[in-house]
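Each protein sequence line maps, in turn, to chains A and B.
Sequential numbering of the first sequence, starting at 89, is according to our numbering.
Sequential numbering of the second sequence, starting at 47, is according to our numbering.
No wet-lab data here; the hints were simulated from the structure.
It cannot be assumed that every hint is accurate.
[To be verified] Chain A stretches covered by chain B per the calculated footprint, using a threshold of three residues with CB under 8 Å from any CB of chain B: (1) 91 to 103; (2) 112 to 124; (3) 129 to 137; (4) 178 to 185; (5) 387 to 399; (6) 431 to 445.
[What the hints assert, rightly or not] Only some residues are given here: those of chain A computed to face chain B with a beta carbon under 8 Å: (7) L168; (8) V243; (9) T524; (10) V525.
Glycine included, each C-beta is placed from N, C-alpha and C at the ideal position.
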Amino acid sequence: MERRGRPTVVLVSSEFEEDAHASALAFGMRDLPIVTVPRPLTNLDHDTVRRFTADALDRLVAGITRDPSRSSHFTMMEPLPDEAILRYEGSDLLAAAAGFQEDFLTRGWGDGFPLVLPTEEAVAEMMTRTPHKPDEVIAVLEPGMGLATVERLAVNAVMAGCRPEHLPVLIAAVQAISEPEFNLRDVAMSTGPHAPLIVVNGPIVQQIGLNSGRGALGPGVQSRVNTVIGRALRLILMNVGKCYLGILDLDTIGSPKKYGMCLAENEAANPWMPISVERGLPEGQSAVTMFSVESEIEVYDFYNCRARPLLQTFAGSATSSGACSVQLSFHNRPEMHNLVLLAPEHAEIFAAEGWTKEDLRQELFKTARREWKWIGAGQDHAVVRDEWKWVVDRPDELVQVTREPRFFHFVVVGGAAGKSQYLTGLGAPVTKPIETVP
Amino acid sequence: MATITVKNPVAMTATVSYPLAKRVPDLNGVRLGLWWNEKPGGEVALEHAGRLLREKYGVSLFRQYQNFPAPVSAIEGVAANADVVIGATGD
């Protein structure tokens with residue numbers, strides 16, 4: 089609105105003040121007037137909301153009638169000079185390394201776990217398996233609009249414990265999450281525990297040792313490659329995308345999945361085509377498909393050997409109505425896609441009866457229904473999409489948990505024993521090829 | 047004494063800086079846009095602010111309820127129908 093000549097002032101809670109200023113800086117409006125109230129207005133009685141608003145009225149008026157003063161400086165949003173080399177001294181190398189750990193972690197440049205030293209030699213070595221040049225900008229990474237050069241990605245990959253052959257996966261992942269349909273800004277900045285999930289297909293899985301079987305989402309030595317690649321993406325989101333907790337990441341509680349998630353599709357156990365092929369890439373092309381994950385719900389079914397009753401169990405997990413992607417399904421929001429991690433036995437049961445993934449999609453859509461009162465409690469006509477306003481006054485009406493069948497996706501992964509997972513999401517998946525040097 | 051040197055992990059930003067719009071010194075009779083991102087509580091705050099400003103300054107109100115990312119049509123709609131804007135996120 090400011091860019092269209094309309095003076096604007098934004099009302100936020102004090103909890104989100106730093107985020108508001110950091111966002112204004114990131115999006116090019118450093119001095120945007122921001123007025124605070126003492127606490128978030130969500131889950132607050134309306135009389136108190138009105139009282140807060142009345143108390144803030146003079147400041148709101150000032151924001152649109154008077155020239156704003158210069159905004160505060162936010163250290164974490166303003167990096168060192170681009171060529172900065174950081175030096176750490178100690179009585180010996182171990183002491184110097186300890187100084188590095190303490191400094192990086194104190195600055196907020198890590199995830200809390202010890203970091204691998206990103207020396208010049210290690211970073212140079214990290215970039216030897218990608219055809220991209222060190223100063224090539226892979227993306228401008230939201231929410232902080234950081235320039236994701238190959239070198240910056242490599243620095244964070246070293247810190248996470250990656251090897252050079254892992255960097256091409258990360259580059260493809262960054263390309264994918266930068267596409268608008270992934271909705272990275274929402275995923276990264278949300279008050280919810282949304283996190284990106286890297287799904288890898290193709291020859292690179294075997295080549296670099298990714299785990300598609302038991303414990304693919306970790307922990308364990310079998311998933312050591314999965315672990316460091318997932319971790320690197322989180323460090324990239326932080327240090328390149330500026331998605332720092334309390335600054336541009338306003339997650340209320342957090343989640344262990346935000347440390348990193350990476351798995352390979354179990355192509356040997358997959359009775360259908362790989363998801364990368366399903367999404368348009370040629371067979372045999374190594375690829376990543378990026379999903380955003382909000383919540384994970386187990387699909388425990390050891391009992392059913394037939395497709396339809398088994399599908400019922402999946403539908404039960406999908407009707408967990410507290411999930412953001414269910415609650416907001418009928419709002420004016422971008423697409424919110426969900427992912428089913430199918431255990432091999434479950435996939436086999438569906439395929440044995442001739443079910444395709446499209447059959448699964450359609451049947452899950454038809455079966456996963458919940459009464460509106462569970463989904464729409466407290467929602468009114470103002471926020472519900474026009475074509476769904478009719479349901480607001482019908483609490484016992486059975487509605488589907490998502491707007492369209494195509495918002496369900498399926499990846500076969502994991503070890504034996506019939507436990508799948510249902511993951512709700514915030515954005516749409518994106519698939520990109522992985523490019524490596526021969 | 048030993049020294050370790052490491053590379054900077056933090057990216058430069060691509061942000062372009064935009065100038066803020068010229069402020070409107072007198073609110074009497076202006077068109078006030080109320081932009082709500084659909085987080086509960088935000089609409090209550092905006093409606094109350096709008097009512098108070100209408101009583102004090104005679105502003106007229108234009109409401110936009112639109113979550114992120116807002117389509118260009120929504121942005122252009124507010125720009126066409128409001129002289130000043132108050133936004134509320136609810137958090």
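Now the hints, each set against the structure:
For the stretch 91 to 103 of chain A, the stated coverage by chain B is satisfied: 12 residues place a CB nearer than 8 Å to a CB of that chain, which reaches the threshold of 3. Residues of the stretch 112 to 124 of chain A with a Cβ under 8 Å from some Cβ of chain B number 8, which satisfies the need for three, so the listed coverage holds. Counting residues of the stretch 129 to 137 of chain A whose beta carbon lies closer than 8 Å to any beta carbon of chain B gives 6, which reaches the threshold of three, so the coverage claim holds. With a threshold of 8 Å between beta carbons, the proposed coverage of the stretch 178 to 185 of chain A by chain B holds, since 7 of its residues qualify and at least three are required.
Coverage of the stretch 387 to 399 of chain A by chain B is violated. Counting CB-CB distances below 8 Å, 0 residues qualify, and the rule asks for three or more. Counting residues of the stretch 431 to 445 of chain A whose C-beta lies closer than 8 Å to any C-beta of chain B gives 0; at least three are required, and the coverage claim is violated. A distance limit of 8 Å between C-beta atoms decides the matter here; for L168/A the minimum to chain B is near 5 Å, and the interface restraint holds. Residue-level restraint check for V243/A holds (minimum Cβ-Cβ distance to chain B is 5 Å; threshold 8 Å).
The beta carbon of T524/A comes no nearer than 23 Å to any beta carbon in chain B, farther than 8 Å, and the hint placing it at the interface is violated. A least Cβ separation of about 21 Å between V525/A and chain B goes past the 8 Å threshold, and the interface hint is therefore violated.
The structure does not agree with the numbered hints 5, 6, 9 and 10 stated previously, though it agrees with the rest.
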